[in-house]
Structure formats: structure tokens, C-alpha cells
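Given the coordinates of chain A, assemble chain B onto it according to the supplied hints.
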Amino acid sequence: MTQATQTVDVMRPPFPAEPGAGVYSNKLGMWVFLASDVMFFTALIGSYIVLRFGVTEPWAKPGAVLNVPLTAVNTFLLICSSVSMVKAYAAIADGKKYFLRAVPGKLLRDGGLKFWLLVTMICGAAFVGVQLVEYIKLVGHGFTPSGFREGSLLAEHAAADPVKYGAAAAGMYGSTFFTMTGFHGFHVTCGVISMTYLYFTKVLPEKYSPQDYRGIEVIGLYWHFVDLVWIILFTIVYLI
Amino acid sequence: MTSTTPTITGHKRPNYILIWLYLFLLTVVEVSAAFLSHIPKKWLILILLFFAVWKALLVALFFMHLKFERWRLRIIFMIPLPLAAILVTAAIMEKVW
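Quick note, the sequences are listed as chains A and B, same order.
With my numbering, letter number 119 in the first sequence gets 119, and the count goes up by one each step, no holes.
With my numbering, letter number 59 in the second sequence gets 59, and the count goes up by one each step, no holes.
Here chain A stands alone, though its shape is the one from the complex (with noise of 0.2 Å):
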């Protein structure tokens, strides 16, 4: 190989094994990887069913026990920077790689891959920041991994209302609830960091050009799965 191919091939690598899914091979790994955190996922899904609609006591009401109307908005927060992360994929298939710039006629300025991916950065944090001080207060007010701790406050409301509360089922739905957040909430943090470790090393540095932006679009089908299982355990968690 000579030297003059080495430079090439460090700035743009060549797509490996085009033959099978025929896409490069970051994008396939991501897209197999993705395929298994499915069954992950479904795995603790599929507990919760059988425990939440096998046990014979009531299971908490909704919003009795969790801050839905919080949650709501964390959810919110969550598809914001699902938009946001598509949004700098966008930006550099488009070669925008700077941060914002005046647009002549119109009052808000466009945004480039630095800007949305800040965004997306700023909401995923934000998700996590908000998701610790639930967990914060949720356990404040006494509900653990092991339900109701005794002497807290929403272990008294739960002598007073067992079936409002789930008094019965609340070492359960303590144990599911948290790990299936928690799991959630891990890989959100993955993601955040992995973003922050390519804002600082790649994207600032404008490393990425419309001719290889492999990184954005690999850690962008990341977030928006991780968008899109917040969706289900959103519903089936909170709502449900």
C-alpha cells in the first residue's frame, strides 16, 4: 500500500464488506447491536407483564406513587433531542458544520451540526439531571427498589389506601420500576457521553464533511432507540 493511499484511507475509510447488508461497517454493528439491546429490552418488558398481570393484589394507580406530569415532560424533553440529533445529521449531510449563522430575510438563524448536537447534548443531560431527582424524591418519600420503606410518607398513604397505593404488589412494581429506568437511564447517559467524547474530539475540530459523517449517523441510530424505548416503558411504566 503506498503512502499516498495511508492518507486516504485515514481521512475516508473505505467501506468494508459492501457485499451482506451492504452498508459500511460502523452502521452495521450499530444497527446488530441495536437488534440485541431489542431483546434486552424485551426481556425486562416481558418480566414486567408477567409480574405486573400475574400477581393477584393491586398494582399503584397511576400517578399515585410516580410524578407523571414530570415525567411528561422529561418525555418531551427526550423527543426534542431525537429532532435535534436528526437535525445535526442533517446539518452536515448539508456540509453546515458551524455552530449558527444569519439567514438574510429571516429572523431565526440556521443552526449547523455544532448547534444541534449542543442541543441534543443539553436535552439528553437534562433527561438524566431530571430522572435523578425523581429518583431523589421518589425515595425521599420512601419508594425503593423493595417498595414502600416503613415509616415513610407513601408507606402511611399506602395503609390508608392499599388499593390506590398497591400496597401489596409494591415490593414489585419498586424492583421493576427502577430497573427498567435505571436501564433506560443508563443508556441515555451512555449516549450522552459518547456525544460529548465526539463534540469534543470530532465535531469541534469539523472532522466530519459531507463526505464521511459515519460518527453522527452511528451514535444518532443510538438515540433515537434510545428515544424510541422510552416511548414504550413511558407508556407501559406511567401510564398504564
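Calculated directly from the structure, the hints in this document are not laboratory data.
Ideal placement from N, C-alpha and C gives every residue a C-beta, glycine not left out.
Take the hints with a grain of salt, since some may be wrong.
Here's a subset of chain B near chain A, in silico, CB distances under 10 Å, partners left out [claimed, not checked]: (1) ARG13; (2) PHE24; (3) ILE39; (4) PHE68; (5) PRO80.
Cross-link-like lysine-lysine pairs, in silico, BS3-like; alpha carbons within 30 Å at most [stated by the list, open to error]: (6) A/LYS61 to A/LYS164; (7) B/LYS42 to A/LYS96; (8) B/LYS67 to A/LYS27; (9) B/LYS12 to B/LYS67; (10) B/LYS12 to A/LYS106; (11) A/LYS137 to B/LYS41; (12) B/LYS67 to A/LYS114; (13) B/LYS67 to A/LYS202; (14) A/LYS96 to B/LYS67; (15) B/LYS12 to A/LYS207; (16) B/LYS41 to A/LYS61; (17) B/LYS42 to A/LYS61; (18) A/LYS27 to A/LYS96; (19) A/LYS202 to B/LYS41; (20) A/LYS202 to A/LYS96; (21) A/LYS164 to B/LYS67; (22) A/LYS27 to A/LYS137; (23) A/LYS114 to B/LYS12; (24) B/LYS42 to A/LYS164; (25) B/LYS67 to A/LYS207; (26) A/LYS97 to A/LYS114; (27) A/LYS96 to A/LYS207; (28) A/LYS97 to B/LYS42; (29) B/LYS67 to A/LYS97; (30) A/LYS27 to B/LYS12.
Relative to the frame of chain A, chain B by itself:
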């Protein structure tokens, strides 16, 4: 030109803001249905799951661009779904027995 992201070039770009608006409205409807309506529980569960799947499909098809991908790639994502259904069914059957 040896572009490294060539798989979704031959289609019109979706209106992402419109999809976002759909997702927002569906979330509002979903939360409203869960708390404000007097729909029987069984129907409510079906309706909420329908909305959740609808929103998930919007994300997968338009944000993840599955709508514009090749079938071979779509299949990679779809393969776990029947396996997941089998897993859940098996778990439920074990519980029933």
C-alpha cells in the same frame, strides 16, 4: 466519489419538525387519555399501547430512516421482534401453567 454514507441519498428528506409535532401531539393525547378519560381499563391499555407503537414507528421510520433503508437492514432490526414475542409468550405461558 466514494461517499461513506450512501445508503439514504435517493429520497426526499422527511419533514422532521412535522414528525416532532406528531410525537408531541400523540404524547399529549396519550397522557390525556390515561388521566382524563373514562375509558374502560382494558380498552385504555389497548389505546395507549397503540399510541406508543405509533410513536415508536414514527421514530424508527423517519428519524432512524428505516423507511428509506434497504430491506436487508430492516430485517436485522425486525428479526428480534418475533423472537421477543416468543420470549414474552413463553414467559406468560410458564406463569399460567
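Going down the list of hints, with the structure as the test:
At a threshold of 10 Å, the smallest CB-CB gap from B/ARG13 to chain A is about 6 Å, leaving the interface hint in force. With 10 Å as the threshold, the beta carbon of B/PHE24 comes within range of chain A, its nearest partner Cβ sitting at about 6 Å, so the hint holds. Taking 10 Å as the C-beta contact cut-off toward chain A, the hint placing B/ILE39 at the interface is violated, the least distance being around 12 Å. This hint is violated: B/PHE68 has a C-beta 12 Å from the nearest C-beta of chain A, more than the 10 Å allowed.
The closest approach between the C-beta of B/PRO80 and any C-beta of chain A is roughly 4 Å, which is under the 10 Å cut-off, so the hint is satisfied. About 5 Å separates the Cα atoms of A/LYS61 and A/LYS164, which keeps this hinted pair within 30 Å; it holds. With a C-alpha separation of about 49 Å, the suggested pair B/LYS42 and A/LYS96 falls outside the 30 Å cut-off, and the hint is violated. Among the hinted pairs, B/LYS67 with A/LYS27 is consistent with the structure: their alpha-carbon atoms are about 16 Å apart, no more than 30 Å.
Proposed proximity of B/LYS12 and B/LYS67 is supported: the alpha carbons are some 11 Å apart, at most 30 Å. In summary, the hint linking B/LYS12 to A/LYS106 is supported, as the alpha carbons are separated by about 24 Å, within the 30 Å threshold. Between the alpha carbons of A/LYS137 and B/LYS41 the distance comes to roughly 29 Å, so the proposed pair stays at or under 30 Å and holds. Taking the CA atoms of B/LYS67 and A/LYS114, the gap is near 27 Å; set against the 30 Å cutoff, the hint holds.
Under the criterion of a C-alpha separation no larger than 30 Å, the hint pairing B/LYS67 with A/LYS202 is consistent with the structure, at around 28 Å. Taken as a hint, the A/LYS96 and B/LYS67 pair is honoured in the structure, with Cα atoms around 24 Å apart against an allowance of 30 Å. Distance check on the hinted pair: B/LYS12 and A/LYS207 sit about 26 Å apart at the alpha-carbon level, within 30 Å; holds. A threshold of 30 Å between alpha carbons decides the hint, and for B/LYS41 with A/LYS61 the separation of about 11 Å falls inside it, so the pair holds.
Our distance criterion of 30 Å between C-alpha atoms is met by B/LYS42 and A/LYS61, whose separation comes to about 14 Å. Restraint check for A/LYS27 and A/LYS96: the C-alpha separation of about 22 Å stays at or below 30 Å, so the hint holds. Taking the CA atoms of A/LYS202 and B/LYS41, the gap is about 50 Å. The hint is violated against a cut of 30 Å. Note on A/LYS202 and A/LYS96: the hinted pairing holds, with a Cα-Cα distance of about 14 Å set against a maximum of 30 Å.
The straight-line distance between the Cα atoms of A/LYS164 and B/LYS67 is roughly 43 Å, outside the 30 Å bound, and the hint therefore fails. For a cut-off of 30 Å, the pair hint linking A/LYS27 to A/LYS137 is broken: about 39 Å separates their Cα positions. This hinted pair checks out: A/LYS114 and B/LYS12 have alpha carbons roughly 24 Å apart, not beyond 30 Å. With a C-alpha separation of about 18 Å, the suggested pairing of B/LYS42 with A/LYS164 holds against the 30 Å cut-off.
Taking the CA atoms of B/LYS67 and A/LYS207, the gap is near 28 Å; set against the 30 Å cutoff, the hint holds. Taken as a hint, the A/LYS97 and A/LYS114 pair is honoured in the structure, with Cα atoms around 6 Å apart against an allowance of 30 Å. For a cut-off of 30 Å, the pair hint linking A/LYS96 to A/LYS207 stands: about 12 Å separates their Cα positions. Between the alpha carbons of A/LYS97 and B/LYS42 the distance comes to roughly 50 Å, so the proposed pair goes past 30 Å and is violated.
Our distance criterion of 30 Å between C-alpha atoms is met by B/LYS67 and A/LYS97, whose separation comes to about 26 Å. Distance hint between A/LYS27 and B/LYS12 is fulfilled; the C-alpha atoms sit about 21 Å from each other, no more than 30 Å.
Against the hints set out earlier in the document, violations occur for numbers 3, 4, 7, 19, 21, 22, 28.
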